[in-house]
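Single-letter residue listing:
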Amino acid sequence: MARNVILGTLLMSALLAPLANAATSGTSNVTLAASAVALIQIDDAAITLTPNATDYGNDYVEATGAAGIDVEVKTNSTGGLALQVRCADASPQIALADLLVRTATAPGAGGSSIGTYTAITAANQNLWTTGAVQHTFLVVSTDVRVQNLINYNDAAGGGTTSYTNTLTYTVVAQ
Amino acid sequence: MMAAVHGAHAGIVAQVAPVRYSVTATPGESATRDILLSNQGADPVVVRVRLSDWMLSEAGQMNLVPAGSTANSLAGKVEFEPSEFSLGAGESGHIKVSLRMPADGPATLWGVLLSEVRPAVPKPARFGPRAIAELGTTLYLTRVPAERIRPEVLGLDVRPAGTDSISVTLRVRNAGERHFYVAGDVAVADSNRTVVRMGSFGNGVVLPGGIRYFQWTSLAGLVPGHYLVTATLDTGEPELTVGEASFTWPMPAAATLPLAEDPLR
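The listed protein sequences derive, respectively, from chains X and F. Using numbering that gives the first Met the number 0, the letters of the first sequence correspond one by one to residues 0 to 173. Using numbering that gives the first Met the number 0, the letters of the second sequence correspond one by one to residues 0 to 264.
Among the clues, some could well be false.
Unchecked claim - Some chain F residues near chain X, calculated using beta-carbon distances under 10 angstroms: (1) Ser-29; (2) Thr-31; (3) Gly-59; (4) Glu-115; (5) Val-116; (6) Pro-118; (7) Thr-136; (8) Val-143; (9) Gly-203; (10) Phe-213; (11) Leu-218; (12) Val-222; (13) Leu-227; (14) Trp-248.
Unchecked claim - Chain F regions said to be covered by chain X (calculated; three or more residues, Cβ under 8 angstroms): (15) 87-95; (16) 126-132; (17) 165-174; (18) 184-191.
What the hints assert, rightly or not - According to the in silico footprint, chain F covers these stretches of chain X (three or more CB under 8 angstroms from chain F): (19) 23-31; (20) 39-50; (21) 73-84; (22) 103-116.
In short, the hints are calculated from the structure, not lab data. Every residue gets a Cβ at the ideal spot worked out from N, C-alpha and C, and that includes glycine.
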């Protein structure tokens, strides 16, 4: 009888053990429903170009490299994104034909860039594009040139006159 | 040449989620979506929202054009609110977008909702530009189900690129009424079937009725001989499409090569 009890106890243990395990080691699926986002960081919200005598001799002034406008972008969109630029000012103080931009930043995979000075326009132009994800912030540097300096008069009483345009950097994905 | 350039001013940090919505709706049906715009910068900003049309070149360049100027415009079929709002530092705001699928006209419409983000207090500038940001959420509205796409691969070209590189170009046509995306990989194998170069065509949309080409360029660095280029494409259909083209290196001249297609799982 005693042996039967032990056997019965062992059987119960054997039967209960899997049940106990099932209650404490179940599985759960974790699903991430990812969607594409884009971020833009305008590092230089405004730059000032102050022409010197040499610049007036050349009839242009420019801000290149670190002195230009840095814009950072990133996205998890598999199709990448386009960084576009325009000047939509109703009355641009610097003539659009005199305000030139380019970037030395290499385009992303399957992308393109404006590598030579090109006049800004009121419509968006693709400054830099990538056809792939950009998981970390990438700095896209804009070199800025203002030409025909002789057309921009100084203040009537001497000193300087401010001429400022607003550039809009747009990020879009297909 | 570096002229005297004064210091720059730190600016805007903003995020849009998502960057794309693809909405399938029956004619007359309305759908609502939500766009989240976040000001991750240290200063308050003002957001202005507007709709724009866009066109796509065969090379995949997106060109924004005024709303209502294309045949597939969403103008008049989409409403959004608010159209203007302010966000403090670290704040986020929602834009509610309502789309209504018409019963007639093009079966697929597209556009982009642009959220212009500018500082609430403009940065000072003297002689030079200011910079502001704009983030887009691309919208597709279609009454064609996703399983009724009609991709057609038109060809696979292998050409020399300069003296030391090869360029592989894939041309795809959308013969259907719904947009689809193409993603593709390319591999170059030698006569022993050993893969010697691999790459990706990237990923991009092909609009209804449109043609799009995808290009992959690689330094060849190949020993003279015969090679096989295999392009494996995912167009969203249940089966992958495989295109093959062979070439001899060095390549004597540019040549368009035939495409062979095989369905793969």
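Verification of the hints:
With a least beta-carbon distance of about 21 angstroms to chain X, the hint placing Ser-29/F at the interface is violated under the 10 angstroms criterion. Hint status for Thr-31/F: violated, given a least beta-carbon distance of 16 angstroms to chain X, over 10 angstroms. With its C-beta approaching chain X no nearer than about 7 angstroms, Gly-59/F sits inside the 10 angstroms limit, and its interface hint holds. The criterion of a C-beta within 10 angstroms of any C-beta in chain X is met by Glu-115/F, whose closest approach is roughly 7 angstroms, and the hint holds.
Checking Val-116/F against chain X by beta carbon gives a least distance of about 8 angstroms; that is within 10 angstroms, so the hint holds. At its closest, the beta carbon of Pro-118/F sits 7 angstroms from a beta carbon of chain X; the interface hint therefore holds under the 10 angstroms criterion. Taking 10 angstroms as the C-beta contact cut-off toward chain X, the hint placing Thr-136/F at the interface holds, the least distance being around 9 angstroms. Checking Val-143/F against chain X: minimum C-beta separation of about 18 angstroms lies over 10 angstroms; hint violated.
Nearest Cβ of chain X to the Cβ of Gly-203/F: about 5 angstroms, under the 10 angstroms cut. The hint holds. For Phe-213/F, the suggested interface contact is upheld, since its CB lies about 7 angstroms from the closest CB of chain X, less than 10 angstroms. Because the beta carbon of Leu-218/F sits about 15 angstroms from the nearest beta carbon in chain X, more than 10 angstroms, this interface hint is broken. Against a cut-off of 10 angstroms between C-beta atoms, the interface hint on Val-222/F is violated, since the closest Cβ of chain X lies about 27 angstroms away.
Against a cut-off of 10 angstroms between C-beta atoms, the interface hint on Leu-227/F is violated, since the closest Cβ of chain X lies about 23 angstroms away. The criterion of a C-beta within 10 angstroms of any C-beta in chain X is not met by Trp-248/F, whose closest approach is roughly 23 angstroms, and the hint is violated. Counting residues of the region 87-95 of chain F whose C-beta sits closer than 8 angstroms to any C-beta of chain X gives 0, which falls short of three, so the coverage hint is violated. For the region 126-132 of chain F, the stated coverage by chain X holds: 7 residues have a C-beta nearer than 8 angstroms to a C-beta of that chain, and at least 3 were required.
Counting residues of the region 165-174 of chain F whose C-beta lies closer than 8 angstroms to any C-beta of chain X gives 0; at least three are required, and the coverage claim is violated. As drawn, the region 184-191 of chain F meets chain X at 0 residues by the rule of a beta-carbon pair under 8 angstroms; below three, the given contact is violated. Counting residues of the region 23-31 of chain X whose CB falls under 8 angstroms from any CB of chain F gives 0; the rule of at least 3 is not met. Coverage of a stretch by a chain is defined here by at least three residues with a beta carbon nearer than 8 angstroms to that chain's beta carbons; for the region 39-50 of chain X and chain F the count is 12, and the condition holds.
With a threshold of 8 angstroms between beta carbons, the proposed coverage of the region 73-84 of chain X by chain F holds, since 8 of its residues qualify and at least three are required. For the region 103-116 of chain X, the stated coverage by chain F is satisfied: 3 residues place a CB nearer than 8 angstroms to a CB of that chain, which reaches the threshold of 3.
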